[in-house]
Amino acid sequence: MSKALSMLYIILLVSSMMSIGVYMDNTIVYANSSTQFILQKVWSTQLTGNINVSMPIAYGDFDNDGINDVLAVNNYKNETQSLCLLSGLSGQLYGCFSLPTNVNLTGLIRVGDTNNNGRKELVISAVSVDADNNRSTVYFYLWEPYTNTIIQQQNTTVSGSLNPGYIPFATMIYRDGVVEQPFSYNTGFFASNTYIMKYEISSNTITYSIEKNKIYLMYSSILMGDIDNDGILESSDNYTVKTYWDLSTFMTTFTMDIYLEVYSGDQLLFTKHYSNTIPVFIGIGYNGEDYYIWTLIMEFNFFATSISSGIACYGLDGSSIIYETIDNAVLYGFAVLGDTIWFIYNDTSTGNIYGDLYSTIDGSRLQHIDLTTYNIVSTMGGGLGDIDNNEYKDVLIPSIDGLYLLETNGDLYRVQGELTIEPETGVSIIETSDKPYIVAPVYSDDTVNIEAYVISSGGVGDTTPPVIIISNPRNNTLQPRIYLVDIIIYDNESDIESVTAIVYNEETNESKEIDLFLIMVEPNTYEYWAYVFENVSGNYTLIVTAENSAGLTSTASVHYEVDANPPSVIIYSPSPGAIFSKKELPIKVNFSVSDDNLANWSLYVNLYLVANGTESGNYTFDINEAYLFGGYNSIWVMACDEAGNTNVTGVVISYYPGPFKFNFTVLNPEVFYGYIEGYINITYILSGYSEVETTDLIFRFYKLTFPFETLAREVAVPYEFNTTSSVLINVSDLEDGDYSLEVVIGVEGYDNYTLYSTFIMIDNYAPTLNYTIPLIDSYIDPWRAIIIDGKALVPVSIYAEDAYLDNVTVYIDGQYYKHYTPFVLSFIDEYEEIEFSEGEHQVRIVAMDKAGHSTEYTITFTLDISEPNINEFNVTVNGTSIIVYYDVSDNISGVDYVVITVNSENITSTKTLNETSGTVVFTNMTPGNYTVTIKVYDKVGLTTNTSATITIKAPTPPTTTTPPPTTTTPTPTTSPPTTSPSPSSVTSPTTSPTTTPAGGVPGTLIAAIVVVIIIIIVAIYFITKK
808 MSKALSMLYI ILLVSSMMSI GVYMDNTIVY ANSSTQFILQ KVWSTQLTGN
858 INVSMPIAYG DFDNDGINDV LAVNNYKNET QSLCLLSGLS GQLYGCFSLP
908 TNVNLTGLIR VGDTNNNGRK ELVISAVSVD ADNNRSTVYF YLWEPYTNTI
958 IQQQNTTVSG SLNPGYIPFA TMIYRDGVVE QPFSYNTGFF ASNTYIMKYE
1008 ISSNTITYSI EKNKIYLMYS SILMGDIDND GILESSDNYT VKTYWDLSTF
1058 MTTFTMDIYL EVYSGDQLLF TKHYSNTIPV FIGIGYNGED YYIWTLIMEF
1108 NFFATSISSG IACYGLDGSS IIYETIDNAV LYGFAVLGDT IWFIYNDTST
1158 GNIYGDLYST IDGSRLQHID LTTYNIVSTM GGGLGDIDNN EYKDVLIPSI
1208 DGLYLLETNG DLYRVQGELT IEPETGVSII ETSDKPYIVA PVYSDDTVNI
1258 EAYVISSGGV GDTTPPVIII SNPRNNTLQP RIYLVDIIIY DNESDIESVT
1308 AIVYNEETNE SKEIDLFLIM VEPNTYEYWA YVFENVSGNY TLIVTAENSA
1358 GLTSTASVHY EVDANPPSVI IYSPSPGAIF SKKELPIKVN FSVSDDNLAN
1408 WSLYVNLYLV ANGTESGNYT FDINEAYLFG GYNSIWVMAC DEAGNTNVTG
1458 VVISYYPGPF KFNFTVLNPE VFYGYIEGYI NITYILSGYS EVETTDLIFR
1508 FYKLTFPFET LAREVAVPYE FNTTSSVLIN VSDLEDGDYS LEVVIGVEGY
1558 DNYTLYSTFI MIDNYAPTLN YTIPLIDSYI DPWRAIIIDG KALVPVSIYA
1608 EDAYLDNVTV YIDGQYYKHY TPFVLSFIDE YEEIEFSEGE HQVRIVAMDK
1658 AGHSTEYTIT FTLDISEPNI NEFNVTVNGT SIIVYYDVSD NISGVDYVVI
1708 TVNSENITST KTLNETSGTV VFTNMTPGNY TVTIKVYDKV GLTTNTSATI
1758 TIKAPTPPTT TTPPPTTTTP TPTTSPPTTS PSPSSVTSPT TSPTTTPAGG
1808 VPGTLIAAIV VVIIIIIVAI YFITKK
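Counting from 1, position 470 in the sequence shown corresponds to residue 1277 in this note's numbering; the numbering is continuous, with no gaps.
Think of the hints as simulated: they come from the structure by calculation, not from any bench. A virtual CB, placed ideally from N, CA and C, is assigned to each residue, including glycine. Mixed in with the good hints there might be a few duds.
Pairwise CB distance ranges, derived in the manner of DEER restraints [as the list claims (entries may be wrong)]: (1) S1688 with K1598: 56 to 62 angstroms; (2) N1282 with S1318: 48 to 54 angstroms; (3) D939 with N1312: 24 to 30 angstroms; (4) S1604 with S1688: 52 to 58 angstroms; (5) N1431 with I1276: 49 to 55 angstroms.
Below 20 angstroms or equal to it, Euclidean Cα-Cα: the simulated EDC-like pairs (lysine to aspartate or glutamate) are [what the hints assert, rightly or not]: (6) K1746 with D1613; (7) K1598 with E1674; (8) K1390 with E1498; (9) K1389 with E1498; (10) K1019 with E987.
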């Protein structure tokens, strides 16, 4: 990667850090101006020496008091760097650890108590770069902060000038006793590899591996986020995030391919691919229902003059909860509050500053407020929880005129105080059992106080007008097409309410207001930056106006000239894609440079400086083998003018470092267009020569499954130079998907050379299609449908899958119903509740891939939601028999069966019938009351029932008169009968007593008389005996 690209990369990352702050455990680190509300001081600790505390953060509880302690990083004001640990509760200084001279801090990560002594440790990484010898030394230290003890250390030296990750607290992973960290190094023009350094704590050893064409932006296993939904950030060790820039495609597409990978332990949860979009910071949160991953995104294009920003939120399965990008939006900051996320941005098309609040549960935007009048600076505070106990979570927002509390209901409250916060250092918000502590450094000469505050109430007031110094552009200077505006404002008594900057073209009389970004705050001092783009050369005036909180204003202006035309650079030879062999050395490079105000030009081959100069003209230089690599090589010319405009032009060529040369040309390139099915017929010509033995041409098909590629087919074909040839390759059995096709030749004594490569898409198979409709035979199951107003909502599930799935279309009763397309991946998984009327219907489902293959199903069914009909139901009694006559029907699915039940207190009898009409007789029924029920079932399980009540009476005795019996009634002295009448003869209506005379006295009456006489005799007997 070139130095220019390296600088661009650093600028992007540093700007993103300035915008969002650096977040650590239970901490929000940010930069802001003078605060308000009053901040009541809790403790203050002084550090001495020539120091600059660049990151006061709360990174872990090292003294086991339940409150995270403060780690102050001393940086950049001398040749050494140090880390100091203070108690988060009291501010007590536990000690400072200093790195060796010229050894720069690159990262740190907490690793717990690795030696089981009850005290937690940090692993610190650092690097020293020996640029003259192109080598670097990486250091790892195991530090116990509470006792300020280095338990062990190790280092290793590797080749290359290493560039570590640029967010020091987001570039290390700790898993199972091993710390990992990426370090990138340049390998050529727009090329960079990365060492993955692994430090094993138990053995105190360092190993490493190399990943090619990757630059990591984030590589962290400690993710910040509001993981308990209280509005204040904590940290999680359960997930790992890796984001990296894949440089392998940049030279051919000029597209930045950025990848985001999220892991749980070693398990990859999901991957996201961004094109010209950078996820600048990533964290994890919990919204009370699910965990989620959030990230800020910045859309970027090398040739664009504007950047758009946005916010994304994903579930742990990769599903998108929020993905919002806003054109012309410049990121100001964000805050995560568990179930909501604030996104603050500047709309550069209008100059307005907005705050959008999104729900992390359903992705909806809850608030959209205009913050323009509050002079919000390009940074963000952090969550304080619900500090004022009004059920709305509070976010600390820095402004030119102080601090504000922004609540989730959209209200904004000013916070007053006298604390001036350094923009490069920021503050920490530490979660305690009471109120959150706000920790910040306060500078004075060669000392710095680390101070902790809590928010109470109060106010400040100032009266002095501001003083404006325009640091750049200077008066009467020459500026490039893109130039920096640097403004410093002093005010000893008042907060700054607003600053405006107007650029006026003195020749066209046109003016425009530019967006200023607060980039530094020191006591009573504010510094603003803005980058201005001008397309027209000429004379300009910059007018700056500042107003303080007392309403006093100041104005300053400068005059300058703009040169909007960069130097002209043209490379005439070699042409792009040219191929050279060793016999054709030296390669002649011919180019021209011209500009009226040319400052210098330089010729580079693979980042090696070949020549430079200061005059316009046409130049030719010979390039020998010392500057070349086998394979692709870059040749480029950079020219700068006096104003600072730069123009870079380059070409890429191929070089074969032996007695051979190959030029492989495909004569029918259209064969690779679209989707390939069955066979691929490639017509080509191989020109060149070889004086050494070579292999056949090898056609290799690699299946691309991110992030891997697998060799799927290899075909060797003999060749002849300068002869048109064709090869027919069978790909009909290959899986559908993306492939890379490479044509390779092996040269004896040399490497294998890739002569040609392209991307192809193979699609041999139709989509897989599955559906689910609740059917009983050919009828809809009514119990799985929702019946509303005579219609039914029927649940229908559709799943289709194909490497190039295009759509699924549903037709109902021959009419188009709905069209589905895949969201991101190559599958469609849909669930619909479709409304149908009663009767017969047809559903046709068609899945189509992008190659035109299709799979379809047609389902014919009947919907029956009407209950069966009971047309007639008559119940009669004949003696001891119950006679039921019925007639039933069902107009849709038909009657399945009929159940008739006869029920009394002691008897239940049921008959199941398959006929739709008929007579049913229940015989031998005893006297009593009966309920007769008929229940009709249709073929989908719907039922209808009704009941009738009848009574069976006991038989009535004869009504004719008969003479009384001639038998004599027994006297009291007569002995009782030796046998009693049988109970069955008493209760059964079908049996008569045998003693009934022919005259016809009922047997039951005689039996009753006999019983009464017996009772009287027994009573007299007992009375007499007494």
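49 to 55 angstroms was suggested as the range; check whether the CB atoms of N1431 and I1276 agree with it. This hint holds: roughly 53 angstroms between Cβ atoms.
CB of S1688 to CB of K1598, is that within 56 to 62 angstroms? 46 angstroms, violated
Given the hinted pair K1598 and E1674, is their alpha-carbon gap at most 20 angstroms? Distance of about 13 angstroms is within 20 angstroms: holds.
Next pair to validate is K1746 with D1613; report whether the Cα-Cα distance is within 20 angstroms. Violated, because 40 angstroms separates the two Cα atoms, which is more than 20 angstroms.
Should the hint that S1604 and S1688 are 52 to 58 angstroms apart at their CB atoms be regarded as holding? For S1604 and S1688 the Cβ distance comes to about 54 angstroms; the hint holds.
Would you mind confirming whether the straight-line C-alpha gap from K1390 to E1498 stays at or under 20 angstroms? 12 angstroms, holds
For the pair supplied as a hint, K1389 and E1498, confirm whether the alpha-carbon distance does not exceed 20 angstroms. With a Cα-Cα distance of about 12 angstroms, the restraint between K1389 and E1498 holds, given a limit of 20 angstroms.
When you check the alpha-carbon spacing of K1019 and E987, does it fall within 20 angstroms? Holds, because 17 angstroms separates the two Cα atoms, which is no more than 20 angstroms.
Lying within 24 to 30 angstroms: is that true of the beta-carbon distance D939 to N1312? Violated: the Cβ-Cβ distance is about 47 angstroms, outside 24 to 30 angstroms.
Satisfaction of the hinted span 48 to 54 angstroms by the C-beta atoms belonging to N1282 and S1318: 18 angstroms, violated
Hints 1, 2, 3, 6 from the list above are not met by this structure, while the remaining hints are.
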